[in-house]
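Undergrad: Each chain is listed here by its residues.
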Amino acid sequence: MAGDMKYKKVAYYPGCALEGSGHAYNRSTKAVGKELGLDLVEIKNWNCCGAMEVKNIDPKIQTYLSARNLSITEEMGFDTVMAPCNGCYHNLKKAEYDLGHDETSKEVNQRLSSKAGHKTYEAGKVETIHALDWIKKSIGEEGIRERVKNSLQGIKVANYYGCMYTRPRHIFPEKDQGADSESTSKPHYMDDILAAAGAENVDFPLKTACCGGAHTLSDSDTSTKLVLNILTAAEACGADVVATECPTCHTGLEMHQIRAEKVLGRKTNIKILYFTQLLGMALGLSAKKVGVHENFSDPRSLLKEKGLG
Amino acid sequence: MPIHEKSLIRPEKLIEHEELVIEGVDVSGHWSTFIEGRSVADYNENLQDEIAALPGGEYIHRCWQCGSCTNSCTVNAINADFNPRYWIYLIRTGMEEELLRDKDIIWQCVSCNKCTYACPRDVVPEGVMKATSHWLELKGHTPKSPSTIFDEAFSEQVISRGKIEDGLVLRNFFKRTGQPLNQPWLIAMVGGLIKRFPVFYLMKLGFATVFRPKTKGWNRARDAINEYAEEREAANRKALGLGSKGAK
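Chains Y and C, in that order, give the protein sequences.
Per our numbering: the first sequence = residues 11 to 319.
Per our numbering: the second sequence = residues 3 to 250.
Worth flagging that the hints you see were computed from the coordinates, not collected in a lab.
There could be a bad hint or two in this list.
[Unchecked claim] Reference excerpt, derived from the structure (chain Y facing chain C, CB under 7 Å, subset only):
#, residue
1, Val-64
2, Phe-88
3, Lys-125
4, Arg-177
5, Pro-215
6, Leu-216
7, Leu-227
8, Ile-268
9, Phe-306
[Said to hold, decoys possible] Okay, the calculated beta carbon distance ranges per label pair:
#, chain 1, residue 1, chain 2, residue 2, range
10, C, Gly-169, Y, Gly-153, 37 to 45 Å
11, C, Ile-80, Y, His-111, 40 to 48 Å
12, Y, Val-273, C, Lys-8, 31 to 39 Å
13, C, Ile-17, Y, Ser-195, 46 to 54 Å
14, C, Arg-12, Y, Ser-124, 50 to 58 Å
15, Y, Arg-276, C, Ala-82, 17 to 25 Å
16, Y, Thr-90, C, Ala-236, 33 to 41 Å
17, Y, Val-273, C, Pro-145, 20 to 28 Å
18, Y, Val-273, C, Lys-218, 38 to 46 Å
19, C, Gly-69, Y, Met-86, 43 to 51 Å
Note that beta-carbon positions come from the ideal geometry of N, C-alpha and C, so glycine has one too.
Take these sequences, add in the hints, and give me the full structure.
TA: Printed below as a string of structure tokens:
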């Protein structure tokens with residue numbers, strides 16, 4: 011549903027990665043929002059959602075960490091929060107599901123919230139959306155086509171969504187609900203957005219493969235093999251660029267691209283860009299403005315060659 | 003008869019005489035191969051209950067052994083010994099010793115949740131893998147895995163400050179696992195960045211060291227979480243019949 015007014019002004023949850031290694035994602039997301047006339051209001055005093063690590067210590071602590079952010083969103087008067095990071099998005103969705111279906115999660119959240127001195131979040135008060143939902147539903151493909159100043163024509167893109175955007179299915183009740191909704195087996199929102207911006211999407215079979223992000227440092231050899239798989243498959247599909255929508259996947263792809271070359275002697279040349287960087291440049295923003303120089307895979311000469319940046 | 007599927011049999015169960023003549027017939031080498039019988043005598047009848055008592059293991063009893071988990075598994079595609087379906091079978095039948103043969107790889111689950119997505123019985127195999135790794139460590143069968151060391155370095159920062167700084171998590175993890183920071187790939191990565199935008203990067207490093215990110219007014223949340231975490235740890239140990247917190 012393009013042109014959905016309710017996403018024109020939403021609460022924004024950047025998360026820790028976007029203040030660190032995913033800085034370029036934060037920067038390009040904000041720049042794109044500004045260019046499209048979409049308002050992002052950052053959640054006051056937000057905390058880490060627990061990423062993939064806290065749940066291994068105790069899953070209920072992670073539910074609480076995510077619920078605290080939802081509670082602040084509600085207190086600020088918003089009914090929608092946008093999280094560009096797959097990990098944050100996943101955890102807020104999971105907290106929403108668990109608080110609606112699991113009594114123990116509810117009890118623990120209540121106990122920790124009252125001890126921490128803030129309102130207990132209850133399921134159903136806030137909708138969590140991803141940056142892809144935000145663009146796709148508020149602007150839509152038609153809206154993007156109208157606003158493109160510098161088409162991505164000639165750039166072949168492999169769209170990579172990773173794990174946490176679609177799995178497990180039960181925490182995403184709005185997905186797999188017909189043609190307009192996102193698919194958990196073959197996600198297409200990023201494909202749709204970038205195609206509207208002029209890019210040529212390649213048929214990429216590893217859209218939802220795992221990059222090994224959870225063990226990027228603790229089991230680096232496995233992660234390097236998984237990333238190499240993704241990058242070589244994207245190259246074999248004819249792509250110039252892997253488009254990403256998660257800071258953990260993005261950093262993982264870039265880091266293990268270098269590691270694969272140094273440790274396994276396997277060099278890949280494909281460039282890795284956040285979808286917001288590609289979209290931003292299509293909307294006429296400069297490469298610098300969307301932080302392309304921060305990408306380890308350094309796509310600047312490719313972009314120049316394609317008439318961008 | 004030569005045995006064609008030797009790879010499926012454990013090497014210590016295969017008995018072969020290099021030189022053997024029986025009643026004038028030369029049966030040296032594989033002609034004399036036989037497989038020693040296998041008997042399991044030491045079941046742990048509580049194994050399933052113990053795993054089910056830990057976070058993530060709650061739904062293990064639902065498993066029908068269809069194998070969708072192993073079939074969809076990211077790690078299995080790299081290492082065929084990584085077999086969630088088989089481990090769930092061993093846990094449910096109490097074959098602890100058999101499970102311990104794979105104790106050093108179970109932690110390698112990457113939490114991609116392909117198994118959870120594919121499972122028709124909502125077993126949440128990803129959770130079972132985490133519960134099993136946790137069980138192995140609590141019971142002292144394995145030291146803390148690199149994954150656990152990372153989870154702890156990360157979670158300690160989240161719980162004490164509300165936020166993390168990824169560079170600090172990386173440095174702490176390398177320190178705790180005794181790895182040097184000057185790995186060639188890490189140098190290549192950071193070196194590339196510094197060449198491109200030295201001022202921003204060095205400023206970021208400097209700021210992050212001096213002003214570590216922190217959520218304002220976090221202390222009450224921190225205390226509440228720490229109190230809860232301690233309770234849970236004690237409960238987990240009790241469920242496995244272990245005494246109060248032992249040596250770390």
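Undergrad: Please go over all the hints and tell whether each is borne out by the structure.
TA: Outcome of the hint check:
At about 5 Å, the closest approach between the beta carbon of Y:Val-64 and any beta carbon in chain C falls short of 7 Å, and the interface hint on this residue holds. A hinted interface residue such as Y:Phe-88 counts as satisfied when its beta carbon comes closer than 7 Å to some beta carbon of chain C; here the least separation is about 19 Å, so the hint is violated. Here the hint on Y:Lys-125 is kept, as its CB sits about 4 Å from the closest CB of chain C, short of 7 Å. A hinted interface residue such as Y:Arg-177 counts as satisfied when its beta carbon comes closer than 7 Å to some beta carbon of chain C; here the least separation is about 4 Å, so the hint holds.
Interface restraint check: Y:Pro-215 against chain C, minimum CB-CB distance 14 Å, threshold 7 Å, status violated. Interface hint at Y:Leu-216: violated, since its Cβ lies 11 Å from the closest Cβ of chain C, which is beyond the 7 Å cut-off. Given hint, Y:Leu-227 at the interface with chain C, holds; its Cβ is 6 Å from that chain's nearest Cβ, closer than 7 Å. At a threshold of 7 Å, the smallest CB-CB gap from Y:Ile-268 to chain C is about 5 Å, leaving the interface hint in force.
Annotation: Y:Phe-306 was flagged as interfacial toward chain C, and the flag holds, the nearest CB pair being 6 Å apart, inside 7 Å. One distance hint, 37 to 45 Å for the beta-carbon pair C:Gly-169 and Y:Gly-153, holds here, with the actual separation near 38 Å. Between C:Ile-80 and Y:His-111 the C-beta distance comes to about 34 Å, which lies outside the given range of 40 to 48 Å. Take Y:Val-273 and C:Lys-8: their Cβ atoms lie about 33 Å apart, and the range 31 to 39 Å holds.
A beta carbon spacing of about 49 Å between C:Ile-17 and Y:Ser-195 agrees with the range 46 to 54 Å that was offered as a hint. The beta-carbon spacing between C:Arg-12 and Y:Ser-124, approximately 55 Å, falls within the hinted interval of 50 to 58 Å. Look at Y:Arg-276 against C:Ala-82: about 22 Å separates their beta carbons, and that is inside 17 to 25 Å. The hint said 33 to 41 Å for the Cβ distance between Y:Thr-90 and C:Ala-236, and at roughly 39 Å that hint holds.
Y:Val-273 and C:Pro-145 have their C-beta atoms about 24 Å apart, which keeps the hinted 20 to 28 Å range intact. A hinted range of 38 to 46 Å for the beta carbons of Y:Val-273 and C:Lys-218 is consistent with their spacing of about 42 Å. For the pair C:Gly-69 and Y:Met-86, the beta carbons lie near 47 Å from each other, so the given range of 43 to 51 Å is met.
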